[in-house]
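Protein chains in written order, with the numbering used here: chain A, 1 to 176; chain B, 1001 to 1435.
It is worth saying that the hints were derived from the structure and are not from the lab. Don't take each hint at face value.
[Said to hold, decoys possible] Which residues of chain A face chain B? A partial, calculated answer using Cβ under 7 Å:
hint, residue
1, Val84
2, Gly85
3, Leu87
4, His116
5, Gly117
6, Thr122
7, Leu129
8, Met143
9, Glu171
[What the hints assert, rightly or not] Covered by chain A, per the in silico footprint, the following chain B stretches (three or more residues, Cβ under 8 Å):
hint, region
10, 1144-1155
11, 1249-1262
12, 1281-1293
13, 1318-1332
None of the values given here were measured: they were computed from a predicted structure. Cβ atoms here follow ideal geometry from the backbone N, Cα and C, with glycine treated the same way.
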Amino acid sequence: MFKFRLPLATALLLAAACTRPAPMPALPAAEVAAPVAAPAPAPAPLPAAASPAAALPAAVTPTITMRATGEHFAAVWHFTPPKVGELFAADLTVTDAADKPLTAAKITVDATMPAHGHGMMTDPELKQLSPSRWRVEGMKLHMHGSWQFDVRVEAGGVKERLSALYQQAPEAADGI
Amino acid sequence: MSRRRSLQPLLLLLLLACLGCQQHLPPDPQRPWSPAERAILASLTPLPRLPPSPGNRVAEDPVAVNLGQVLFFDPGLSANGQVACATCHRPEKWFTDGLPLAHGVGQAGRNAPTLLGSQWLPYLFHDGRKDSLWAQALGPLEADVEHGYDRLALAHRIAKHYRQPYEQLFGPLPPLDDLTRFPPHARPVPFASTHPHHQAWQAMAEADRLAVNAIFANAGKALEAYERKLLPQEAPFDRFAQKLLAGDPTAATAIPLAAQRGLRDFIGRAQCVNCHNGPLFTDKGFHNLALPPLPGQTSLDVGRALGAQSVKADDFRCGSLYSDTQRCEELRFLNPKFEDFMGAFKTPSLRNVAQTAPYMHTGQFATLDDVLAFYRTLPGNARVGHRELVLTLLDPEVSQADLLAFLQTLTGPLPEAQWLHPPQPIPPPDDPRGP
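If we strip away everything but chain B, and leave its shape as in the complex, we get (with noise of 0.2 Å):
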């Protein structure tokens, strides 16, 4: 007994030590930067430089880029004439609609992303069910509840307005006015037989459904040179960390005091950067929040669970037919059964987060406040799989002003004005189906 109670002065001191030298300091923006500080600073800044499209050889060809930002523009391209790539990617929202669901032909499921910072992210859709811009690009186009459209009207469209443009890029257009071949409007229609759309693409012959894929494709990649001109801009974070690592003193001025607070718990005790990492802010991965569902919404969305299997299925992937690459590490490694993908979505990036309310993958969280007031306390259990371990509660202390005023500091300008709107007038629509 004597010897226990000699022991736990000892002891207590040996936990007091511990328990300081664990604790992260607070935010004081007088104290200086440490390494281990500095070394995620310069981890999160500058933007990187674009990296290749291997799967998409007009990729950087002005005539592609050119093409990509008309059929960006052009309402033409879906069911009832009036839903253009840029109706749910407003380029004065940042390339969001400002709605918790995106808003097509009819209702989506999810919300429309960004488009900024998306040239990076291996796998594209909040479920990553497809692995390059271009290929992304082809979803939307026949959704039901996006742009309703079909891959032969598409071909009809640009064999009658995009003629010029397309050849000179992807070489002769097949006879499309040939009717009989290549029907007005056909596609196939996944668990649908019935479908008049899909009937009618059965009804074509196997070399012919092959080349409409192609001109589908090649308008994907088309869209995707374009996209890759909408990239994020330079941030006071970026001007603020470059200095700060670069030893300039006006670096203490160049963002607001409480965002450098803020960006010292980012980075610290609220361990935002576990997943939003890189200069992207994005692990580019797929986490399960356990998120509360939208009001009313009742279906349950497996997420990456399905996606992780789309993609490699998926018609378009890296080293199909259509992909001008074979070189597909990413997709050969990706393991579709990983268990933390079941109830996951990807990660965002948190570049110009502050423009691009609402949040999450169905726009469940109004407010960045209301984003931080979940992660303060995590309520309800995962309806899909299990809330990832990796998620702790935000650390009380942590100031929400501070990280509000830090993530602010992520907003850049718009890309250059010429990518804001189309290069030239659209062409009328051709044959619009009513909603």
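One chain only, chain A, in its complex shape (with noise of 0.2 Å):
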């Protein structure tokens, strides 16, 4: 009689690796991501999409709002939905992990496809407004699809790396 014997680590191996995000979008709408934060060096796993821009009505031009918080620190990114290909640029606010703003804090910033192993072709520049708030420019995301904005934060000695997942809706830029 035949036995099917799938060895438990195999099994778990190939039902995680048929999970990674399909190469089409789920939804039309520009979709946020519950954010997440990843303590540096290693990023913690990133959660599926989910889309609470999506519920809005079409003629809505919704503002995207993603927060990350991590061990020491908190960024929130605030932006309206590019398309693809369009330079954008967003606000970034970095506090502590409780909210309260930080002093002499350095960042940088940088948006990646972690399906595709590429980030983006630009080079955005960074503007502090405040101690703790940035206007991030020239921001570009040339494909749709999962992408991982990350926040590179140093204040009083310490590192860390905050990331929230941000999924690029298909529309495309009108010229250039």
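Reassemble the complex: the two chains are provided individually, in unrelated frames, and hints are given to aid placement.
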């Protein structure tokens, strides 16, 4: 009699492998993932995308707010959803984990597509507006799909990376 | 052990359910298009409106359009009096030449791309070393293997044959008939300080060099004004997708069923739309596919890695002395050190792709069949940099015939007939110097 024996580890591995995001987006509207914090150096696995923005009426341009809270710091991104390939700017607030302002924090930002192994083709510029607020200019997401926004924070001798997932909708930029 | 065995059916079920939900459904034309598929279709059509060209103040001027059209077809703008822009960008071939490598005065190192759709690209040339159509047009004019021309000869030719429209657009020309100040032939020749054109250029007064640069740039601006008329036209795909999205039942017959299946694969399991996105079917970005070289080609080409450095330093870039704008966001945020630029080349638009063979930056592939065959096996490794991770083998279950049928539906008509030939007789070459 045929007996199918699937080693437990193999089964778990296959089950894990097939849960990676499908290449096509699940929803047409801009989606926001539940953001997570990833203490440096090893980032925690990121959860699947959720979509608070998708519930909005189509005529309303939603503003995205993404929060990433780490062990030491917290970051909040705020931006209008960009089209694919469109330069856009974002407001970024970085505080300590209890939302208290920081002093003399150094930050850098980046966005990458973990499933594709690449980042942005642009080099964003940061303008500090206050001890905790920055304007990020020159972001560009050149493909639709899942992008990971990272903020690397250094303050008070502590370094931490704060990551949040953003699901870029396929709508293309109109012109340059 | 018994606990583990009791878990096995559950795990197996989970695995099968999971695999099922992750697979793209087979491309059945009868199946309604899902919301996700519709969202992608809506991102691919209609053709977008023409973007402004803020660096070129005559971009919309009919006098500039006419002057640019004459210049485009003028073989007098070449060392041998035989090479015009239209030599490699042939209107009847959707502004390509059908050759793997462009052939002007000599053999160029890359394929001549179509001009249709180039108006939306923030970076021009396969390596993106120019950031506007007008600045791009200047490159081939002085390239030894293309027009082999020089900016002083161009200035003299404009003064002799095109003075009236030029001065109407750009103001009076400098006293070019003073050959002691403005020699018949001169240009900066990079890495060739002993070249007679370079020496003649260096001998000129700086103010005169700047004046000639402005004439050179203005010729580019007239060429761009004309090239902005060379737009991709609505294709069968657009009619299909727009009808489908509007709920029009005649969508079902707007393109062949095979093309509809191919389209589902294009935006689905074949993942072509990852890079060929938006209504121009390009992300306007640069990728390293680890393409095979042309037979016999031994030189290594770093592509965008050099192009990104070049455009930041180009004399005619956005914000330069000759640019009509100082707002240069694209260039400002360009990251020339982006590591994946090594060996990367620009994603081409797929509009009219069935008409623009051969393919890739050196025309490595003669047919679209060859291109798809490459994506199925991805043979070899990158000679420079590394193949981008996003590139995975084309799903073997995707039908070649279906994808090809879809790509055919991206062919629209040529631009209006008035743009396909010189608008008036072209003056004879002035001073051909032989090939």
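Q. Does the region 1281-1293 of chain B contain three or more residues whose Cβ lies closer than 8 Å to a Cβ of chain A?
A. holds (count 4)
(Q) Is the interface hint satisfied for Thr122 (chain A)? The criterion is a beta-carbon contact with chain B at less than 7 Å. (A) holds (4 Å)
(Q) If you count the residues of the region 1144-1155 of chain B with a beta-carbon closer than 8 Å to a beta-carbon of chain A, do you get 3 or more? (A) Contact hint for the region 1144-1155 of chain B vs chain A: violated, 0 residues under 8 Å.
Q: Report holds or violated for the interface hint on Met143 (chain A), using the least CB-CB distance to chain B and a cut-off of 7 Å.
A: holds (6 Å)
Q.
Gly85 (chain A) was flagged as interface toward chain B. Is the shortest Cβ-Cβ separation under 7 Å?
A. holds (6 Å)
**Q.** Per-residue hint verdict: Leu129 (chain A), partner chain B, C-beta under 7 Å
**A.** violated (19 Å)
**Q.** Interface hint compliance - Glu171 (chain A) to chain B, C-beta minimum distance less than 7 Å
**A.** Since chain B brings a Cβ to about 5 Å from Glu171 (chain A), closer than 7 Å, the hint holds.
Q | Three-residue Cβ test at 8 Å for the coverage of the region 1249-1262 of chain B by chain A | A | Per the Cβ count (0), the hint is violated.
(Q) Quick check on the hint: Leu87 (chain A) CB to chain B CB, less than 7 Å? (A) With Cβ-Cβ at 5 Å, under 7 Å, it holds.
Q. Against chain B, is Gly117 (chain A) within 7 Å by beta-carbon distance?
A. holds (3 Å)
Q) Has the region 1318-1332 of chain B got at least three residues whose CB is nearer than 8 Å to a CB belonging to chain A? A) holds (count 3)
(Q) Does His116 (chain A) hold up as a contact with chain B if the rule is Cβ-Cβ below 7 Å? (A) Where the cut-off is 7 Å and the nearest Cβ of chain B is about 4 Å from His116 (chain A), the hint holds.
Checked against the numbered hints listed earlier, the structure breaks hints 7, 10 and 11; every other hint is satisfied.
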